[in-house]
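Model the full structure from these sequences, guided by the hints.
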Amino acid sequence: MSRSLPLLLLHSALVSKPAPSRLLSSSSSAAAAAAIAAASSGARVGGGHGIVSAVLEIVGPIELLFPSSEARLYVRLLRRCARDALAVGAGAVHGHVLKRGFASVSLVSNVLMDTYAKGGLMAACRHLFDEMPNKDVVSWCTVIAAHASRGRCFEAIGLFKALLSSEVKPNRFVISSVLNACARSGVIEQGLMVHGMVVKSGLGADRFVEVGFVDMYAKCGNVGYSFRMFNGIPVKSSVAWNAMISGFVENNCFMDAVELCQDMHRVGMAMDVVTLRVVASVAAILGAFELSRNIHVYALKAGLGRDCFVVSELIKSAGKAGETQYIKKLVPAVRRHDASLYSLAISGYHSNGCQGEAVKLAEVLLYSGLNLREGDLVTVINICQTKEEVQQMHAYTFRTGDLSYTNVCNSLISIYSEIGSLIHAESIFKTMQSRDVISWTAVMAGCVKNLQYERAFGYFLELRNSGEPLDQHCVANLINACTGLEDMYKGKQIHSLALKLGLLVDFISASLVNMYAKCHHIEWASQLFSSTLFPRNLVIINAMISGYCWNSLPQKALLLFCREYRSGLRPDHFTFSTVLGACADIGAKEAGEQIHGHLVKIGSEYLDVVVGNSIINFYVKCGCIANACRFFHSMRSRNINSYAMLMLGYIQNRCSDEALQFFSMMQQSGLRANRVTFARILRGCADLCAIHLGRQLHASIIKMGLISDVYVANALVGMYKKSEGWVESKRNSKETLAPEQDAEDNCYSEQRDIRSTLEEIGLFTLEEEKDKETFADERKVYTSAASVFGRDLRTDSIIGNWKNGRCNESRHLLNYRSAEYQEIGGEPFKLFALLQEDSRRSDKFVLLVITDNSHLKTKGAGFINAELARRPGFAPALDFPP
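Mapping of the sequence shown onto full-length UniProt numbering: residues 1 to 882, in sequence order.
These are calculated hints, taken from the structure and not from any lab test.
Treat the hints with caution; some may be incorrect.
To be verified - Computed spacing ranges between beta-carbons, pair by pair:
1) V187 - L107: 43 to 51 Å
2) G467 - G196: 45 to 53 Å
3) D136 - F208: 16 to 24 Å
4) N639 - L451: 18 to 26 Å
5) F208 - G186: 52 to 60 Å
6) E189 - R399: 29 to 37 Å
Claimed, not checked - Computed cross-link-like contacts, DSBU-like style, restricted to lysine-lysine with a CA-CA straight-line distance of at most 35 Å:
7) K301 - K328
8) K518 - K556
9) K320 - K490
10) K490 - K518
11) K387 - K360
12) K500 - K556
13) K589 - K492
14) K556 - K601
15) K320 - K236
16) K387 - K320
17) K449 - K492
18) K360 - K320
19) K490 - K449
20) K387 - K500
21) K329 - K360
22) K360 - K601
23) K360 - K301
Remember, predicted model here, so these are calculated numbers, not experimental data.
Using N, Cα and C, we set each Cβ at its ideal position, and we do this for glycine too.
Structure, rendered in structure tokens:
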């Protein structure tokens, strides 16, 4: 009989419907057949898992090893199937057990239930348990533990109640399984009932039950009672220590976990690999690098320093502390490398600015042959900074078939959007096999980042038609699109939608405050800020402070900051930089120095380069160039704006030689100025005639190939025109005009000076047009643009320009001081002089438009210019594009 066992198993595995046994009912046989079919349909191909050949490899040598007891053979076979999660093998063995009549043996049935549970076939496991004629305590423990381990906590608790109603008495293993179910459910009332029953039955002194109570109370959130139970254990094992330390970590009591770990070491209890993993994760969360080093030393002494999970947590801690050299030592020390360990090291390098090391390690990971999961691919994609790197990862995921992962596609969409390649991002989005709300949010965020606001709303309409539910991040991107468009109508609609869907969380409220403020409705922003239902956090406070600064209300920004700080606000780097900008705008030197002193006191003045640049900008605008220079030299890290702000400060104080020295320092540091930086410095050179520095900048611009940029070119033209006008005025001041010089030449000289001044402060200059009709059309366009600028600057001036159809003459009206100025004779010159005189006292924006200046001896030259007159204590300085 024993010699035919392999053939019988082969037959039972290949037959789809095994014959029912005369010892069991037909329902049990049908359950076994259903289990085989379910396992076969869900089995993976390859690797020997879930196929009949794997069963035969197990069964083959068993006949020779155990020829006397066939029941023992089935137990050994089922345990092997349970260990390897061979669901098909379990179903095949179940069919043969039914044929041979061993299903009534409790040991075989219990092991078969455990095998079904570990293979994921919980329905077959429960069906087999219900059909068992004789259930012992092992049967109950097996089925309860199976349901608890699979997350079916309330079913496990229901089975325990059924056990109490039966004649079987629970033992310590059953109690431990039930406590595990209570811990996973998070319902402490169920745990209290089990605790009372255990006390009555006298099983509370068992070490398994004691550890179960510690774990259950901690996972249910009552860490105090868990610690009391832990202290009540007379002899604590390493399992009890680990359970309590893990309980502290799960309840965010990280310092208590560290102290308990120290107590464990103090009493002489050796920390095992579980303890080291938990404590290393605590060190990573706290960013306590010294604690991580101590754990590493202990692990090396205990022979556990090469454990992959321990080293992974140490890499996390080293990455947070910025110890990239320590990461370099940890990666090769692992006995068996894992893709997740490489991912953590790559993230640590990337977050600390070590792009070269991150790329090299990513190449090692991609060529290592390890099985990469979605998270590993996302990590590598996120470190890409150039279009070539992103395209290489795109090709890699396409070749390996990983492009079917939704998270990988979402990461590619985001990174393509970051580098400005919106076409590729949209192409990936359109070819995705399955999309989630993150996919829609990513493509909308890409449109917003690339200033394609209308396209973002187009994707939003498609999202609404698809039926996919919205989330908070999607709504926040839509609000940012409204901010970019300055479209209050759409912004109000999105606001109403957020209220309707219940998505008005804190950062969406902050986005709405920012949107209303950027659309120059600061009253609505203030009303929304004051009516928030949830406690104000730092994000929405920062949005309100920056909104006040954006609307030229720095005093209100400072008052809000002071009020919230007294209420317990803990400012971040953005708060400090914004408030320092407000102090600089109104010249509040004392308030800015107090903020600087507070930063020094808390040790944050050097931690963020943006805050450092704000300090430099504050001292420069307050005229304290020496303090700005002193702080600049004390900065630990600088960027291009640090040099630019200090150079502008020296130029404003007519110290062009010092500004030139800092420009040389900037070049030697390896930092490359961008077009915006060059334009800002060139405008400063134009205003204060630091022509020597301007020529040096011009040479650098030519070397860097930025001479074709329109912003830089306009700034250069303005600088050289200013220089020519300055030299001309200086020459004229030394000479006396001939008394016989006629009035026409005097008028022409005055007109030329006005034109030069307007070009220097202007946004752009129109080319001369000989064709009167062409110029008239362009005048309409540019005057409309001037009206937009006037509305954006919120001036009191009303600009109108049209062509009178009856008299066929061009009129230009500008209401100023309740008077109308028309383009007749020398009226524009009087108006310009009046505006110049009034700008010395006014805190208003001055917008001057001159069109069709044929009477100025220029053929069709027109100018649209905006001059920003900032007055200390009233309006902040704003930078317009050249």
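A quick look at each hint next to the structure:
no., hint, in the structure
1, V187 - L107: 43 to 51 Å, "34 Å, violated"
2, G467 - G196: 45 to 53 Å, "49 Å, holds"
3, D136 - F208: 16 to 24 Å, "19 Å, holds"
4, N639 - L451: 18 to 26 Å, "23 Å, holds"
5, F208 - G186: 52 to 60 Å, "21 Å, violated"
6, E189 - R399: 29 to 37 Å, "54 Å, violated"
7, K301 - K328, "20 Å, holds"
8, K518 - K556, "16 Å, holds"
9, K320 - K490, "41 Å, violated"
10, K490 - K518, "14 Å, holds"
11, K387 - K360, "17 Å, holds"
12, K500 - K556, "32 Å, holds"
13, K589 - K492, "39 Å, violated"
14, K556 - K601, "25 Å, holds"
15, K320 - K236, "34 Å, holds"
16, K387 - K320, "28 Å, holds"
17, K449 - K492, "21 Å, holds"
18, K360 - K320, "20 Å, holds"
19, K490 - K449, "18 Å, holds"
20, K387 - K500, "40 Å, violated"
21, K329 - K360, "15 Å, holds"
22, K360 - K601, "40 Å, violated"
23, K360 - K301, "31 Å, holds"
The earlier numbered hints that this structure contradicts are 1, 5, 6, 9, 13, 20, 22.
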